[in-house]
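Given next are the chains, with one letter for each unit.
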Amino acid sequence: MSAMTRSLVSEADLRRGSGRLIYRLVLGAMAVAFTLAFLFPLYWMVTGALKSPLELAQTPPTLWPQEWHPETYLDAWRRLEIGKFLVNTAFYALGGWLIQLIVDVAAAYALSKLRPVLGNVVLGGMLASLMLPAAALLVPAYLTVAEVPIFGVNLLNTPWALWLPGAANAFNIYVLKRFFDQIPNDLLDSAGIDGAGRFRLLWHIVLPLSRPALAVVSIFAIIGSWKDFLWPLLVLQDPEVQTISVALSRLASTGRVTNNEMFAGLAIASIPMVIVFMVFQRSILNGLSAGALKG
Amino acid sequence: MTVIAPEQAASTARGSGGRDVAPAGPGPARMARLRRKIGDNLQAYAFLAAGLLCFGLFSWWPLVKGIVLSFQQDNFVTDPIWVGFDNYRAVLDDPLFGTAWLNTLEFTGLALLFGFAVPFVMALVINEFRHAKGFFRFAVYLPVMLPPIVSVLLWQYFYDPGTGLFNAVLSGVGLPTSDWTQSPKMAMISLVLVSTWANMGGATIMYLAGLAGIPGELYEAAELDGASIWQRVRHVTIPQMRFIMLVLLLLQIVATMQVFIEPYQLTGTTNEETITVMVLIYRYAFTVNNDFGLAAAMSVLLFIVLGAFSAVYLRLTRKAD
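Taken in sequence, the protein lines are chains A and B.
Going by the numbering used here, the first sequence runs without a break in its numbering and finishes at 295.
Going by the numbering used here, the second sequence runs without a break in its numbering and finishes at 321.
Derived by calculation from the structure, the hints in this document are not laboratory data.
Cβ coordinates follow ideal geometry from the N, Cα and C atoms, glycine included.
Mixed in with the good hints there might be a few duds.
[Said to hold, decoys possible] Derived contacts from chain B toward chain A, CB cut-off under 7 Å, selection only:
(1) Q43
(2) G51
(3) E128
(4) L153
(5) L154
(6) Y219
(7) Q258
(8) A285
[As the list claims (entries may be wrong)] Simulated restraints, written as ranges between beta carbons of each label pair:
(9) A:N157 / B:L112: 33 to 41 Å
(10) A:A290 / B:N271: 34 to 42 Å
(11) A:A37 / B:N271: 22 to 30 Å
(12) B:G216 / A:R211: 30 to 38 Å
(13) A:R211 / B:T287: 42 to 50 Å
(14) A:A191 / B:L42: 16 to 24 Å
(15) B:G109 / A:R178: 32 to 40 Å
(16) A:S283 / B:A46: 26 to 34 Å
(17) B:A308 / A:E67: 52 to 60 Å
(18) A:M278 / B:G216: 30 to 38 Å
Model the full assembly from the supplied sequences, consistent with the hints where possible.
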């Protein structure tokens, strides 16, 4: 940020003797507070798994493990089958992401560039679902998945119970359509004269130009499916096929899990998302900021 | 650039016929145009088909089904029976109905108190920092990335009255301890604290984006007029941020009124102190009553309340567009 743009407190005030002292104090206090509030719980989770169950429950607590039990992570992975649930979750997230992209890109492309009769009605109907709180549709959506109308199939305990409802994502359609709208039609027309079909136009011209929008949609699709809880809780009741979130909740209520194994499970469930955040921090936070400014 | 094959040239001419050729063309041309138009539409709907199917089956149909179901009694073996407003009457007569709504309002109110004001103040302070802004943005948003069940289960250990970290720290510095989720008085506040911790990063980041957009001249002018820091916040920052604050307020109300995972995991679905509307719907459908009609009726009521907030939100944001 340049020196020209100022905020609430001016540079001059911050540089003056007392202003500088106050600035240092506030900055230090906030840094300590943020570390304690947001980073320390995660530190506690990761190191808690390394302690013995007794040490983890002891008062006063130990800040650093007295004796090391890194094998707890292996125990959790095997005995609690955290590994299996992690693979389930990753499979649901990646498959869901792929299906969302295919379905929503095609729909947004049709609505933006092919503009069929009644296209605006369809778009309105899709965007109206943004107004529907997910919670209010929970029960009828569950019944629909248990017996899909027309097809009469039962999707419970299959990946499709997550993937197909997930593809009905109005946010994706909105973001993608707005982006496609900005691609000049002339560009497509001139390629069309060369004999490129609708699909080739989408694949060779529209998609390569839409990388930023595809990135935003992809990242939020993956994060969303990793964080989802209530819907997988309802439609994946068979322990074999559960996501890591649902499995952790179930394991926690059985009471047959030691606290350090539970901590290991929580840490393992978090690691993929922490990595995603570290790698895509800029896209995630900027995507959020852009959303805030547009409303 | 490219040599256009004759049949391609012909097809493009027909393709743009709507614009170029006079409407009262000869018969065959008009037919060709019509055929072309139908072909285009069929192609467009082929691209739309998967999306229409997904929205139709899993968004639009459940909406209709939910409303129909709220007027039916259905055991899924014999044909459903129409029962008029019986489900609504039963739901309204349920002593838990009032409890659940009051608890939900209490949760939403407390969540706004913490989750609305605290991120604003934090963003206001962080925005003044000339150092380490990236660290603050990273730290505050980190919990938002965690699966919600991780936050909730982690805090469940922190809250443990006997072995939890919170009581250990409190008694360590000589403060009174608490039973947290197991105390009727503190249960709801405990749920709000986890929820706020896990979610306030989003609001903070959005406030920071809004604050960065306030023109510096406004502060400059206010300062020249002798406005103190507090007066600048009151007369420059808050008016400039009014729109984004309102939007976040509405979003937060809609989100917190659907609270489920915190009471489900921390206090259980049978604890009357913390039964929320969503927990009650879950009980009606899946645990206590196994009655989807009751659950559907309650869902419709929740939908009406939340729909009102969503409508206001959409009106606001569309006006801004």
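Can we keep the B:Q43 interface hint, with Cβ of chain A closer than 7 Å?
holds, 6 Å
Less than 7 Å between beta-carbons is the criterion; does B:G51 satisfy it with respect to chain A?
Check passed: Cβ of B:G51 comes within 3 Å of chain A, closer than 7 Å.
Within 22 to 30 Å or not, the Cβ separation of A:A37 and B:N271?
Given about 27 Å between the Cβ atoms, the range holds.
Do A:M278 and B:G216 keep their Cβ atoms within the hinted range of 30 to 38 Å?
holds, 32 Å
For the hint on B:L154, just tell me whether its beta-carbon gets within less than 7 Å of chain A.
Hint on B:L154: holds, closest Cβ of chain A at ~6 Å, below 7 Å.
Determine whether the Cβ-Cβ distance between A:N157 and B:L112 falls within the hinted range of 33 to 41 Å.
Holds: the Cβ-Cβ distance is about 38 Å, inside 33 to 41 Å.
Restraint outcome when B:Q258 is required to lie within 7 Å of chain A by C-beta distance:
holds, 4 Å
Between B:A308 and A:E67, does the C-beta distance stay in 52 to 60 Å?
holds, 57 Å
Is 26 to 34 Å right for how far apart the beta carbons of A:S283 and B:A46 are?
At 32 Å between Cβs, range holds.
Less than 7 Å between beta-carbons is the criterion; does B:A285 satisfy it with respect to chain A?
For B:A285, the interface hint holds, since the closest Cβ of chain A sits about 5 Å away, which is under 7 Å.
Let's test the interface hint: is any C-beta of chain A closer than 7 Å to that of B:E128?
Holds, about 5 Å.
Supplied distance hint 16 to 24 Å, evaluated on CB atoms of A:A191 and B:L42
For A:A191 and B:L42 the Cβ distance comes to about 21 Å; the hint holds.
Comparing the model with each numbered hint stated earlier shows that all of them hold.
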